[in-house]
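As given, the protein sequences belong to chains S and U, one line each in that order.
Quick note on the working numbering: the first sequence kicks off at 1 and runs consecutively.
Quick note on the working numbering: the second sequence kicks off at 1 and runs consecutively.
By construction, these hints were calculated from the structure, which means they are not laboratory data.
Because the structure is a prediction, the values reported are computed rather than measured.
By construction, the Cβ of each residue, glycine as well, lies at the ideal position given by its N, Cα and C atoms.
Treat the hints with care, since some could be wrong.
Stated by the list, open to error - Simulated restraints, written as ranges between beta carbons of each label pair: (1) U:102 / S:108: 20 to 26 Å; (2) S:53 / U:104: 26 to 32 Å; (3) U:12 / S:39: 29 to 35 Å; (4) S:80 / U:24: 37 to 43 Å; (5) S:13 / U:102: 41 to 47 Å; (6) U:106 / S:40: 31 to 37 Å; (7) S:84 / U:5: 33 to 39 Å; (8) S:59 / U:104: 39 to 45 Å; (9) U:50 / S:59: 31 to 37 Å; (10) U:24 / S:95: 23 to 29 Å; (11) S:39 / U:15: 25 to 31 Å.
Claimed, not checked - According to the in silico footprint, chain U covers these stretches of chain S (three or more CB under 8 Å from chain U): (12) 20-28; (13) 42-50.
Unchecked claim - Residues on chain U that point at chain S, a partial pick, calculated with CB under 8 Å: (14) 9; (15) 12; (16) 39; (17) 45; (18) 48.
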Amino acid sequence: DAGITQSPRHKVTETGTPVTLRCHQTENHRYMYWYRQDPGHGLRLIHYSYGVKDTDKGEVSDGYSVSRSKTEDFLLTLESATSSQTSVYFCAISSGYEQYFGPGTRLTVT
Amino acid sequence: GIQVEQSPPDLILQEGANSTLRCNFSDSVNNLQWFHQNPWGQLINLFYIPSGTKQNGRLSATTVATERYSLLYISSSQTTDSGVYFCAVTGANNLFFGTGTRLTVIP
C-alpha cells in the first residue's frame, strides 16, 4: 500500500471555526489531491497540487484553501467551517497515472 | 466535467455467484481506474486500465475506450467482496468518479 496518512482521522468542530486537515506521504509523488465524499455524489475533487507551492482548484473548491510547502505534506484548510462541509475527506497521491488514497478523515461541523 | 455512470446502483449476490459491473463515460479519457471501498471506508485500487483487459485473481476488467465503457467482472463472489465499487476516469488533472455500485454478497 502507498504510504499515505491523514490526520486527524475524526474531528468534530463548531460552525465558524477554522479547521486544517493534513495529508502526509512517504512516496515522493509529485501530485496530491483532496476529495470529499458525500452520499449520492461519489468522490469530488476539492483542490490538487502538481508540485511544491503549485496548486489548482477542483470541482468543489469554494470554502477551502490548500498549501503545499514540501513534497510530502498537503494541507486542506476550512477557514470558517459550515455544516455543508460535514463530509469524509480523502487525500490521494499520484506519480501521474494511478491515484492512491489515504484512509480518510471524517469531519462533522455542528 | 466528464460524466461517469455506473450500473447497476445496487447488487445483491449469493456467495459463489458471478457479476458484471458497468461504467460508461461521456468523453475520451486519459485513464480509468476501478476501486473497491470496503465497509470500513478504505478505498482500494483494483485496476488501472485505460484500455484492454486485465485480470487479478477472481477479478478482471475490460475497457473499450473507443466506445467509452469499462466492465468489471467478479467471479465466484465472496462475502469479503461486499462494499462499493467505483469507476473513475481522468480528464486533464481531475479524476471524475461515478456514484458507485453497492455490492452485497450473502453467505
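- Taking the numbered hints from earlier one at a time, note which ones the structure violates and give those numbers from smallest to largest. Per hint list: 2, 3, 5, 6, 7, 8, 9, 12, 14, 15, 16 violated.
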